[in-house]
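Protein chains in written order, with the working numbering: chain A, 819 to 1146; chain B, 168 to 492.
Bear in mind the hints are in silico, worked out from the structure with no lab data behind them.
On a predicted model such as this, the values are computed, not experimentally measured, just so you know.
Among the hints, erroneous ones may be present.
[Claimed, not checked] Pairs of lysine-lysine residues, derived as DSBU-like cross-links and limited to a Cα-Cα distance of at most 30 Å, are as follows: (1) B:Lys277 / A:Lys953; (2) B:Lys214 / A:Lys953; (3) B:Lys214 / B:Lys277; (4) B:Lys214 / B:Lys419.
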Amino acid sequence: MHGDRGERFELHRWLYRTMFTIRTVEERLARSFMAGLIHGACHTYVGEEAVATGVCAGLTDDDAVFSTHRGHGHALAKGVSPAALIAELYGRETGISHGRGGSMHLFAPEIGLMGTSGIVGPCILQAAGAGYSAKLLENGSIGVAFFGDGAVGNGAFHEGLNLAAIYDLPVLFVCENNLYATEVPFSYASRNPDVASRASGYGIAGIGVDGNDVLAVHEAATGAIRRARAGEGPTLIEARTYRTRPHAEGMSPTGVYRTEEEVAEWREKDPISRFRSRILSEGTVPESDLDRIESDVRAEVDEAEREAAAAPWPDGGTAPSHVYRETT
Amino acid sequence: MTERTFTEAAREALSDAMDADPTIFVVGEGAGERGGNFETTAGLYEKHGPVRLCDTPICERGFIGMCTGAAMTGTRPVVDFMFTDFILDGLGELINQTSKMQYMSNGRLKMPMVLRGCIGIGHSAATHHSGSYYPLFVHIPGFRVALPSNPADAKGLFATALRSEDPVFFMEHRHLLNLKGPVPEGEHRVPFGQAAVAREGTDATVVALTVMVHHALQIAEELSGEGVSLEIIDPRTVAPLDTETILESVRKTGRLLIVDETFMPCGIGAEISAHVTEHGFDELDAPIMRLNGAHVPTPYSPSLEQAVVPDRASIEQAVRELLAE
Chain A
819 MHGDRGERFE
829 LHRWLYRTMF
839 TIRTVEERLA
849 RSFMAGLIHG
859 ACHTYVGEEA
869 VATGVCAGLT
879 DDDAVFSTHR
889 GHGHALAKGV
899 SPAALIAELY
909 GRETGISHGR
919 GGSMHLFAPE
929 IGLMGTSGIV
939 GPCILQAAGA
949 GYSAKLLENG
959 SIGVAFFGDG
969 AVGNGAFHEG
979 LNLAAIYDLP
989 VLFVCENNLY
999 ATEVPFSYAS
1009 RNPDVASRAS
1019 GYGIAGIGVD
1029 GNDVLAVHEA
1039 ATGAIRRARA
1049 GEGPTLIEAR
1059 TYRTRPHAEG
1069 MSPTGVYRTE
1079 EEVAEWREKD
1089 PISRFRSRIL
1099 SEGTVPESDL
1109 DRIESDVRAE
1119 VDEAEREAAA
1129 APWPDGGTAP
1139 SHVYRETT
Chain B
168 MTERTFTEAA
178 REALSDAMDA
188 DPTIFVVGEG
198 AGERGGNFET
208 TAGLYEKHGP
218 VRLCDTPICE
228 RGFIGMCTGA
238 AMTGTRPVVD
248 FMFTDFILDG
258 LGELINQTSK
268 MQYMSNGRLK
278 MPMVLRGCIG
288 IGHSAATHHS
298 GSYYPLFVHI
308 PGFRVALPSN
318 PADAKGLFAT
328 ALRSEDPVFF
338 MEHRHLLNLK
348 GPVPEGEHRV
358 PFGQAAVARE
368 GTDATVVALT
378 VMVHHALQIA
388 EELSGEGVSL
398 EIIDPRTVAP
408 LDTETILESV
418 RKTGRLLIVD
428 ETFMPCGIGA
438 EISAHVTEHG
448 FDELDAPIMR
458 LNGAHVPTPY
468 SPSLEQAVVP
478 DRASIEQAVR
488 ELLAE
């Protein structure tokens, strides 16, 4: 965002397109879930798009991202196509993991998506491991863990941050604090509401940021990425955000844990419409370009969905393959 | 051949592999400058430095998870647990992550990770420093499990583990660490899934694991004076398990005893017994027998400890019962 007008034009276009792609895919998936096209759980990222987008804008294909059960946004921001993502959730042969993973096990190592996960916490440790590889191989890449506030009370958070700290590993720990672990409030699960402040306990940098402001996220991530690549160690970023849909599709968006009024308040802070207003007020991208992006993305996602629905199922006979790399 | 201890032989394999492959690194409590609690890495820190010989805090879950991520991103971690009991703090990482990465990624990720640690009952180590637990890992798809019983196999199996693209447990029995024996010089690899016939015989087959191989060999020698001919089989790896060599032996002897220090229920003996029953029932002249350590946590006092682990007397008794059937 500190670049010249041309750079800002390109960056803002990319950020807008990526966030809008995530939103469009997620809303499509929510409808598909209701239609019975998704066979397992589906946790959408609606409302949190700015975090994955702002961070991944600063990454290359060689940087390794480790994600969560709410990982569609990370996959798309890292470069997975809507077609490969939707087909995976539909359980089809054309899915990103050929139907072996589904929503919570999305892998595209060739572009540095090292997996979404059904277990809360391990991504933090694995990102530290990617940092260790980078340190040993001296290849300049970094590891990135996305995780929610629910992971902060998990031992993996403590062990992963400490290991990355003592070895000065090039790692970003990105906590998407959306206030609830499933439906347990973070205010209940922690005596210290400030996640970023925990960084000082490990002797590393910690930054709290408005997770619904994509430029603020991007700026925080850019600094952390630069420090990591310079050998200055890991950073903990707390991006304060909110999911406006239920924990998982099919559940209620509100309940004993939060009110409709609270959800409505956060919808007012929607990261995509906020960024659109910002772009238009600063004049970095013409409105007609944004409209074109939206229509292009809608068409791409519609086509991706049609392709996924028509794609073949994986052959059941292949189920035993890839347990081992080597046969004996 | 050179005379080496078990630990020296395994270290030779590690040292050679680290010279040849700059992506190998070792983590563990004391694996760095100290050279390993059991001298597993002695002398390597001076040669390769702190990034490749990495001391850790006491956080098994943490460094298993870290090494899983490292193996996914182009390096080859060796996790030195000291005692295998300590692995249990990282079971979630191992079973939900390490073992499944290749599958979840549809074969696009590799998992070249070696997990080594001391196993076995002895020295009044009590129940947090005496576990073996390898049947747990055999049950899980995705793991390899190597159980060397002598220095040559320690070198050869470890060399294979260090070049495997799958996660491998390399488990070293406490009573074998200082055992000396002939070890091939230079490159020496023992493939996984190939049992060794430690002694040929015709009257009964004894499948024995790790330190039990030595007890069984001694009993075989003693009973040979009575005209009894035992065949002793050392599987060397239990995942994969060379069932063909076992079946071949049973076809010859008609009698089978499996001796394993670990627990009996759902154990290696149960697996071998089921396999032989399914595929070699007509070859059997007697019911298959199992001899295991007692199904209890390991007690401390020498008199209690001795009572929970198979020894030469109990193996000899089991063999006599099997032959009497």
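Going through the hints against the structure:
1. B:Lys277 / A:Lys953: Distance of about 19 Å is within 30 Å: holds.
2. B:Lys214 / A:Lys953: 18 Å, holds
3. B:Lys214 / B:Lys277: Holds, at about 28 Å.
4. B:Lys214 / B:Lys419: 51 Å, violated
The structure does not agree with numbered hint 4 stated previously, though it agrees with all others.
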